[in-house]
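Peer 1: What follows is each chain in one-letter form.
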Amino acid sequence: MPRQFAYYPGCVAEFSSKELNATTKALAPLLDIELLPMPQATCCGAGDVAQAKPNLYLTLNVRILSEAESMGVDILTICNVCTLNLRRANKMVKEDSRVLEAVNEELVKAGARPYQGTIEVTHLLWFLATEEGLSLLEARGPRGLNGLKVAPYYGCQLLRPSSVMGFEDPDRPQSLERLITALGGEVSDYEGKTRCCGFPIILAREEVALKESHVALAGARDAGAQVMVTPCPLCHLAMDAYQRKTEQLMGEEYAMPVLHLPQLIGLALGLPTKTMEFKRHLVPVDEVLSIVGA
Amino acid sequence: MPATTFRIFRYQPDSGETESYHQDFQLEHGEKTTLLDAILRIQNEQDGTVAVRYSCRSAICGSCACKANGKTVLACMMQVEHVKTDSGQEIVQVDPIGNFTPIKDLVVDMTPFWDKFKAVKPFLIPDGPAPEKERLVPKAAMEKIAKESKCILCAACYSECNSLAADPEFVGPAAFAWGYRFAADERDGQRKNRAKLYSGEHGVWDCTRCMFCNERCPKGVDPRDAIEKLGSIAFQEKVTSDKGARHAKAFLISLRTGGKLNEILIAPYTDPIGAPFNAPLALRMAQKGKLPKSPLTHRVKDRDQVKKLIKNVKETI
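In the order they appear, the protein sequences are chains A and B. Final position of the first sequence in the working numbering is 294; the numbers increase by one with none missing. Final position of the second sequence in the working numbering is 317; the numbers increase by one with none missing.
Any given hint could turn out to be false.
What the hints assert, rightly or not - Okay, derived cross-link-like pairs now, DMTMM-like style, lysine to aspartate or glutamate, Cα gap no bigger than 20 Å in a straight line: (1) A/Lys-211 with A/Glu-247; (2) B/Lys-301 with A/Glu-14; (3) B/Lys-314 with A/Asp-96; (4) A/Lys-211 with B/Glu-201; (5) B/Lys-71 with A/Asp-171; (6) B/Lys-293 with A/Glu-277; (7) B/Lys-314 with A/Glu-101; (8) B/Lys-67 with A/Glu-191; (9) A/Lys-211 with B/Glu-169; (10) B/Lys-301 with A/Glu-69; (11) B/Lys-84 with A/Asp-171; (12) A/Lys-109 with B/Asp-304; (13) B/Lys-311 with A/Glu-101; (14) B/Lys-238 with B/Asp-188; (15) A/Lys-109 with B/Glu-315; (16) B/Lys-219 with A/Asp-171; (17) B/Lys-71 with A/Asp-189; (18) B/Lys-71 with A/Asp-169; (19) B/Lys-307 with A/Glu-105.
The hints are simulated quantities; they were obtained by calculation from the structure and are not laboratory data. Treat the numbers as computed from the prediction; the structure is a model and nothing was measured.
Isolated chain B, as found in the complex (with noise of 0.2 Å):
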């Protein structure tokens, strides 16, 4: 039988402790427990008053996303020895997940989360009045939202989401997964609405392509694809005026005129008001020679193929 040290995050406001710290705690355990597993038995048989949240232990309820030697995992779907050998330690340390201010030792508040879960108006809003019988959906059509819908908000993409470390308004990937949930639902009405919902100062754009979200999911959502395919609704439903939309314009025009990106244009297109604020660090670019002498696109050769492509192929989302 295994046994493992298990170094548990505390903090226990409620009982005066203001800092928080690491505890060890043994526990031989069978080859296949589950580090939730592991963790109750630790709660229930040496410490009462570690606290986990937890409920359905069958990665259904999203309720277990914790830390595991760094990485966040569900609890209950991730086994101790697993830990142990994903991340090359014996030890096997467990701390709340990120992005998030604990409670109560692994347990966080999760009001934000929930916040903006909400502002992304996860439910269906149809047009017009209710038909006299249920709306009948085409299986096609539920297909482009079902990696979306087994989204079980366990916020262990948030927990990683690198956007959001630094700018901690970041709506963040599960809300925005949902968003399109909804937002590519054919029963919608709002499409346009949640476009442009979505795409405000802390919305889509916002997203730095960091990954961590598609990498944590344990349901395979990808959010990061999700924050990708609202981006796709925005530009048809022409809600372009975000700097992030701007940015991504700028690169649809210098594939059209060249074909290679113009990297005169990316800058200002991207931000007309703000660039010339940055006029310092162009200056001590341009002395180093990092930006282009000539505002001349960079051609391609049979750039008529990619004409051709920009102007036929259509977007289907």
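This is chain A alone, in the form it adopts within the complex (with noise of 0.2 Å):
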């Protein structure tokens, strides 16, 4: 029986990033998931709802959470701003029984279903970096990943706040270490990996946002890394689709493939390379097929 999870793919997954969105689809079997949909699952407001209507916000995601519980199962993310968004909104309702019994009433009114509070929120990553994870990634028996030279990069909020995350040691996590070594790969350790991308303002400050990014992917490139890997979308996009407004900006060149984790997985266990969309990155990742031998 496969482990059941409803699945919240998130808006950028399912459309800007549709590399992501498909190969996470196309993995979920070989690791024994099942990704249930969520129709009626709203964004999550990205952290700006939160920052316009803290309890508009607050209340979307609780109907999202209140749709996986009808469904009777957890919710698997792929993003690390939706996973930030909905555990938040988890939190607040799970630990105050006042803020839910107020949030429901307005769920109620609106006819949606109220939240008991019996979900919780993970992760891919997450979920693959435990040992039920690792060991089912260890049954498919990974052809491995040659040796690929790779840089981590969290990003930030699947790390921070703890409180709210509370996976690892945001300081010193090892998530995304530990699937790289167990996939046959070789970490390139750099501090950058825990810094902002930069991405939620990327549209409003723009030159902010490079700076910023520019310290991840400088970090990764003198690290010798082959190849940068990212548990979220929007890092991926502020890596991987900005990195030559990055290069123009700081003048300086990464030329750095950025791949979304369940392509880093999906090379190791050898998942057509088709099936993965590469030709949707930016930054082309042809070294990188080859170093695997994909």
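Each of the two chains sits in its own frame; use the hints to bring them together as a complex.
Peer 2: Dropping the structure here:
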């Protein structure tokens, strides 16, 4: 019996970064996971709605949690920002019954199902970096990554605030490193792996954002990485789609291909490259594919 | 008794040292010795020129923030042994807080921090003449600003703010925690003016949501949450012309019209003037299929519920 999850890919993975959604869906059966769709689920608000209308943010996210509750399964995400928004809302209502009551009142008034507070939200990385997840990967007999030098890039919102996220030490995370090593890659360690990619403000404050992503891109390059891997499609857009702009602004060259986490796993497990839609990346990944022999 | 190597940042321009370096000191200390006590013992027993700023030794004055193995802490609040177990390192490296210019060893120039603090007008500005007696405030109203009132201005948040590292003019988390503390105080009469003051180019919409401030604050102030609440006050006061506020509006429009993010809308709506200059990137993204082909919104099931929530849910900050 496969492990079932209510699948919340988030807006970016469904649209701009379809390659992430496609790869996750292709990977799931190999890892004995069944991803159940959530047809009612809205955008989580990405921190923007929380900053404009915090009560609305909370109510919308609890509505998403409630849909999963009606399905009787926990939520699986593939985006840092969605994970933080859903987990934060979950914590707020689970810790204070008066808040849950007020939110449920609004949900019922709008014709939505009230939430009882029984759902957990986890990210694919967290699921796979546990013993259960790693054994699922091992069971597939990964063909490996041929010593590919991989820079783990966590970004912010899967680590901080740790009071909401709490999977691992936000200053010394090891989940990506564990996966990279288990899959036969070599970890390129660098300080910038837990710093911000700048994406949340990239449209409103582009220069500030690009200077932020520079820190991680330059760090990964200087650590000798052949590729960067990230668990977040927003970080991916900042690092991949905007990389040339960052190079122009900073007067530097990174030439750093960036993979979504499921793509790295897919390469190690031998998923067809066509399925993982690398052609949608702005920084070419050809060299990575040739190193791993894909 | 544990013994530890302390690798302390040294910089003594007054003595003609133009370059900084790290100097190792060995110290035997108690199991529960704080990092500040260890530094002060090194200063007293080994090298009187080691400079550190401190006062209360009780996590109240906020003077002794520094970096211990890369992580900003209050030196008086952190035991040496805790630094070692927390970082997984036997050597304790002590550096000045980040995003500041060191003046001497661990002492930094706090001038920009205080300038920004003053710029948010961190004091009550009530409307109208003063009442005969004191202004009474209900407990619930004070609870709204209780967390932010705990800020001791230690600058631990400022030290690791990723927006500040990229934009030194960013007002920063501590000043905005104080800004919120007064903007949301019901005795204050400057709510709208504060919303305008805090929404400038280096204001609340400059925050990149790296969450380092919430993670590092030793007093549980959660400055990012304060910045978020200032955004909400800006929306309630209809101060929404900043590109950051327009970005948030684009999300609200997306939710109202379909439920999911409308990626065709978001860039031009956020920055109608600047977006055309990003045409080369947009074109390259379009070539890779990264831009939606249709401007139609993505519709979720039962979106009438979402519309009702948007209409009904009231903000309470």
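Peer 1: Regarding the pair B/Lys-293 and A/Glu-277, is the alpha-carbon distance no greater than 20 Å?
Peer 2: holds, 17 Å
Peer 1: Is B/Lys-311 within 20 Å of A/Glu-101, Cα to Cα?
Peer 2: Holds, at roughly 19 Å.
Peer 1: Straight-line Cα separation of B/Lys-219 and A/Asp-171 no greater than 20 Å?
Peer 2: holds, 19 Å
Peer 1: Would you mind confirming whether the straight-line C-alpha gap from B/Lys-314 to A/Glu-101 stays at or under 20 Å?
Peer 2: Within the cut-off at roughly 15 Å; holds.
Peer 1: Would the hint linking B/Lys-314 and A/Asp-96 be met if the CA-CA limit is 20 Å?
Peer 2: With Cα atoms ~19 Å apart, B/Lys-314 and A/Asp-96 stay inside 20 Å; holds.
Peer 1: For the pair supplied as a hint, B/Lys-301 and A/Glu-14, is the alpha-carbon distance within the 20 Å limit?
Peer 2: holds, 16 Å
Peer 1: Is it true that the CA of B/Lys-71 sits at most 20 Å from the CA of A/Asp-171?
Peer 2: holds, 8 Å
Peer 1: For the pair supplied as a hint, A/Lys-211 and A/Glu-247, is the alpha-carbon distance within the 20 Å limit?
Peer 2: This hinted pair holds, its Cα atoms lying about 10 Å apart.
Peer 1: Under the criterion that the straight-line Cα-Cα distance not exceed 20 Å, is the pair B/Lys-238, B/Asp-188 satisfied?
Peer 2: OK: B/Lys-238 and B/Asp-188 at ~18 Å, within 20 Å.
Peer 1: With a cut-off of 20 Å on the C-alpha distance, tell me whether A/Lys-211 and B/Glu-201 pass.
Peer 2: Holds, at roughly 16 Å.
Peer 1: Against the 20 Å threshold, does the CA-CA distance of B/Lys-84 and A/Asp-171 hold or violate the hint?
Peer 2: holds, 13 Å
Peer 1: Does A/Glu-191 lie within 20 Å of B/Lys-67 when you go C-alpha to C-alpha?
Peer 2: holds, 15 Å
The structure fails none of the hints (numbered hints given earlier).
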